[in-house]
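First to last, the protein sequences are chains W and F. Okay, so the first sequence: first residue is 7 according to this note's numbering, each after it adds one. Okay, so the second sequence: first residue is 7 according to this note's numbering, each after it adds one.
These are computed hints drawn from the structure, not numbers from a lab. Some hints could be false.
Where chains are identical, the list cannot tell them apart; a pair therefore holds if satisfied intra-copy or between any two copies.
Stated by the list, open to error - Heads up, simulated DSS-like pairs for lysine-lysine below, C-alpha to C-alpha not over 30 Å straight-line:
no., residue 1, residue 2
1, K383, K347
2, K147, K595
3, K347, K112
4, K569, K595
5, K205, K383
6, K588, K567
7, K588, K559
8, K328, K423
Keep in mind it's a predicted model, so treat the numbers as computed, not measured.
Listed here are the chains, written in short residue letters.
2 protein chains.
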Amino acid sequence: MTAFAVSQSQPPLNLMPMPSSVQMGTGQLLVDRSFSVAATGFHDASLDRGVQRFVAQLSAQTGLPFRPKPGPASTLQIHAEHNREQLQKLGEDESYELAITDSGAKLNASNPLGILHGLQTFLQLVQPSATGFVVPAVTIKDQPRFPWRGLLIDVSRHFIPLTVLKQNLDGMAAVKMNVLHWHLSDDQGFRVESKKFPKLHEMGSEGLYYTQSEIREFVEYAHDRGIRVIPEFDMPGHSGSWFVGYPELASNPGAYNFEVGGPDSVTDPTTESTYKFLDKFIEEMAKLFPDAYFHIGGDEVNGKHWDANPKIQEFIHAHGMKNNQDLQAYFNQRLLKIVTKHHKNMIGWDEILHPNLPKTIVIQSWRGQESLAAAAKQGYSGLLSFGYYLDLMWPAAQHYAVDPMSGAAATLSAEEKGRILGGESCMWAEWITPENVDSHIWPRNAVIAERLWSPQEVTDAGSMYTRLNAVSLQLESMGLTHRSARMHMLHRMAGTEDISALRTLADVVEPVKGYNRWDDSKGPIDFHAPLNRLIDAVYPESDVARHFGDLVKLYSQSNFKDKAAEAQIRTFLVTWSENDAKLHPVIDKSFLLQEVAPISEDFSALAAAGLHALDYLDRSEPSPDSWRAQQTTLIERAKTPRAALLLMVAAPLQQLIEAGGNKASQ
Amino acid sequence: MTAFAVSQSQPPLNLMPMPSSVQMGTGQLLVDRSFSVAATGFHDASLDRGVQRFVAQLSAQTGLPFRPKPGPASTLQIHAEHNREQLQKLGEDESYELAITDSGAKLNASNPLGILHGLQTFLQLVQPSATGFVVPAVTIKDQPRFPWRGLLIDVSRHFIPLTVLKQNLDGMAAVKMNVLHWHLSDDQGFRVESKKFPKLHEMGSEGLYYTQSEIREFVEYAHDRGIRVIPEFDMPGHSGSWFVGYPELASNPGAYNFEVGGPDSVTDPTTESTYKFLDKFIEEMAKLFPDAYFHIGGDEVNGKHWDANPKIQEFIHAHGMKNNQDLQAYFNQRLLKIVTKHHKNMIGWDEILHPNLPKTIVIQSWRGQESLAAAAKQGYSGLLSFGYYLDLMWPAAQHYAVDPMSGAAATLSAEEKGRILGGESCMWAEWITPENVDSHIWPRNAVIAERLWSPQEVTDAGSMYTRLNAVSLQLESMGLTHRSARMHMLHRMAGTEDISALRTLADVVEPVKGYNRWDDSKGPIDFHAPLNRLIDAVYPESDVARHFGDLVKLYSQSNFKDKAAEAQIRTFLVTWSENDAKLHPVIDKSFLLQEVAPISEDFSALAAAGLHALDYLDRSEPSPDSWRAQQTTLIERAKTPRAALLLMVAAPLQQLIEAGGNKASQ
């Protein structure tokens, strides 16, 4: 039985990712203060810590203070057959079986990785009921669809402290992701202590970097949670921060600093000293990061500084290369030798794909399934990140609809498909701070985790949103702040205790999508600018607006007869129509809110128009053409981005307002 | 100019505690990303860390990412004249002067303690305005009224991890408290690692204790914030947890365990081995806790086990003692010698006061100003804790009204008054967990901090509540969870994402007061019981109910003519009258909420009756006596505690409902 079949015939389980097989049983298991866990079979310190975390989280979810007294009569019996690899390997068995009856639960797996996943599934099943906290009787057999399920976090554009990253590792473990791709260097910062080249972090980080001992502890923390840590040192492009301390690596001569860097920075691939440097550097980093894979970036080399440097152009001609792409391939070949020498597999973005490189490299596609499929056809392994960029502010459903095996990839042979290892969501940090990074990653990242873990046919967006709400709450209870941090930010903007009106507005707007927050005509992004505007506080996806849109759709599909839907719509509209009057005094007192004054005004005006429209529909009286025409200006303005925000209820309100005319003509 | 005068003639500053002198200036200082701090005069690592924390907190409050570049043109110039004592001393100079103009700020103090306080004052002054974040031009000269301003946290009844305690130290520093009184042992747990007597923590803590290295780091953390840490090891009563590992210390023979312990446990003061034990133990703890004061408890010795032990009774007679009180005095004299030998000043609760003890001891009064005054008259120094018990669930205003110098203490001579060193709020932990401890301490603790810091004439409760709201927000932004933790607890109870109806109910109830949550007829408290009921989640004081009560008072005082007040009352009542219909389905699904079903029903019914009452008042029509009589049953039931909760809007609603009759008779 597939999960999809279950979701239609059974009361839905709030599981995300959905397991590959779910068989509902009869009854439920009570979780009370006598609950205990016992492990038989293989166990090690990492598994024991996993069980301890499980008990602590179960206690946090239920408020039950468990006292440790495992024994043969324990509620949950776990059994791992053998150890996991000391260094977690790509493709290691992550499967588990969880069997819950009304008298107890058994969790079996071939190794501790499966146990960790099964414990997370158990936590998601715990719910209050009329008789106590319970877990439904169920048998789950589960394993991942793809072996590589990653999250990239960029810590270069804005530094993110380890405490915040650790919470995100906890979140990843909760949704069964198993790779943290750590984007550690870029033009805006070099974030790792290098003992061999200390000017990298000393001059390239403004003091914000991770020490080697912190990194070792962090990698251990991830390992405990079944997560591999892959470092990325982006080169030869995106490497401006290296040049602050070591300008001799750059393709453009002269002193480098953060102010004159920017998107053109690129390593000089024509001098032997570059490779000597990289050999020593990668040797050091290869020891610091134990994973078998090493990400060298390789994206977006625009070549301006190569074009401008006669020595480099001469090198291109002398070596019979045709263009900068050939030069980058040459660089990558040299780099590959170094990476291989230090016992790592090389991984890089689309652009490193070049026939001169061997099939051992892994291609990470930010361009789409086409380039992923092309790589697979040529014999390269690959990962999809196109469609999973969390910084583009897409709704969860849009990410959810992107499948690594769709589009061009769907036509691959079985062997070629086997080369698609999975995917990674990407949290690029142009507009991210430690304060709001959680809300930009979560809960949306959970649906990408599901896409990469669950069977391909699990695609129902309605079920996804229901389950996403539940997992979102659970993630907050684990310490992530994707919902709670907004409150503090709104209080800061308002400077008052009562932020109800501001929250009402924040609930119905979303940041502009894609790269529309900034255009290059404004000049380069100021990475030291405060990120304390409303756009920085609001959620990437408005649950309220989606819910309101669903209500309007329901009401409209009932031919405006569904009185329950109408009543709910009306309740929203009454509150909204009165909101600007409450919010305006707050806006007037705060420079941070002044930019949203026009949105607030239009929001309330549009809600008032929506109430009028409801009245017309109620009376089955056509709304006057002139009235609707008047609203058009308002609607068009409300649909225009302002303060880089979109008023997400404008479209459903337009639908309501225009319905009055349509109805009249029926 | 006193602060009180300021609060009536000037726009109120959101300062808590209110400084002793505030002189408003003209204009305001802009705090933007160019803000910087420079220190001249004395500084040390502890001061530097204080400045770093200040900058980090200012950044958290404003969202401005400050880059460190202090210089002569810095916005805030701080200057300490000399160092503070290496070991913070009672009565050390904590004064400071903060002068803010539209062009900059100066903070001067004789030593870093005053600087730390002044930085907290600065943080409280920062507000958004129409032009940016600003601090008003003001000159503040400030020093504490009392030198001892403490918070007791009981970590024995329920263990509180250091991460939570550290957040509370941050909160204490924000409101200028300077003593953490750490109640480390009691019947329910011994929480400190002892290397000399390891069975104390190994057998007496169920594994929940602080290691010595953790304690050293914690004491340093407190010192950095200008806070002394006073350990309390309660004896000879409240010492059951000692006896699990060392039953030979107990006055009742036989094996001791947590289940058979309880309130009668008491040390045997008649054997020399007890004093040998305590000598070694106090020697060890005296080194671990550097403060000059050492708290030996001494409260609530009920003497049952002394009465029951013939050997002890024989000892009393043989030494010519009259009763158990004399025996305790004997114990305290012996204890005092040991404490003194290890270079500490002894402090204890009221009961240790006995003419046989020297004037060097300090008496902490939990009984009232009378015993405090009596002690002062006899020459003993004292602290007030009566009236500051946070576990009694009093509203802030009730604590605020308690002054150490009022009642019997008001009649003391100046010299005697000088013996009253200050006071301590007390967070006893019978009903506390790490999850809800913040909400039981904060924000109410801030008003006790003000009582102990600010001039005695600062007593206006209205001003206090306004400022308390502001400081409460600030404390949350520092990481305390006194407001945010409730959300997670309500979600847990509801098991759903939408908790709006549950929150509406939670907003208008308070826990029962005093010791009414438990009565001894139920048997001893089960300290392992889950604390996950609604009473554990709600705030000790309902802001909504207080606000609603104020509205009803306003409306009533206007002889029911104030239409604005009436409109606000009506808005509340409409929401409340509809609340049970929304909440009931949630209650039905959760065993944790079933006990509040009757409250929810009565809450909505009473609100509906309130709406009827408003209608009568609106129409200036007397409500029928029979209708009012009908409501009486409802009102009386609504005023009865259920699920250990009080419906705090019952009284103002009664006022509204009864007004209909009164008005009619006018």
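Hint check:
Within a single copy, K383 and K347 get their C-alpha atoms as close as 27 Å, which meets the 30 Å cut-off; across copies the closest is 83 Å, which misses it. When the C-alpha separation of K147 and K595 is checked against a cutoff of 30 Å, the pair qualifies only between copies, where the shortest distance is 28 Å, while the shortest distance within a copy is 57 Å. Taking identical chains as interchangeable, the C-alpha atoms of K347 and K112 are never at most 30 Å apart, the minima being 45 Å within one chain and 59 Å between chains. In this homomeric assembly, K569 and K595 come within 30 Å of each other (Cα to Cα) only across copies, at 27 Å, whereas the closest approach inside a single copy is 40 Å.
With identical chains, the CA atoms of K205 and K383 are never at most 30 Å apart, being 42 Å at best within one copy and 68 Å at best between copies. In this assembly of identical chains, K588 and K567 lie within 30 Å of each other by CA distance solely across copies; the values are 23 Å between and 32 Å within a copy. Taking the shortest alpha-carbon separations for K588 and K559, both the intra-copy value of 29 Å and the inter-copy value of 23 Å come in at or below 30 Å. When the C-alpha separation of K328 and K423 is checked against a cutoff of 30 Å, the pair qualifies neither within a copy, at 32 Å, nor between copies, at 92 Å.
The structure shown violates the earlier hints numbered 3, 5 and 8.
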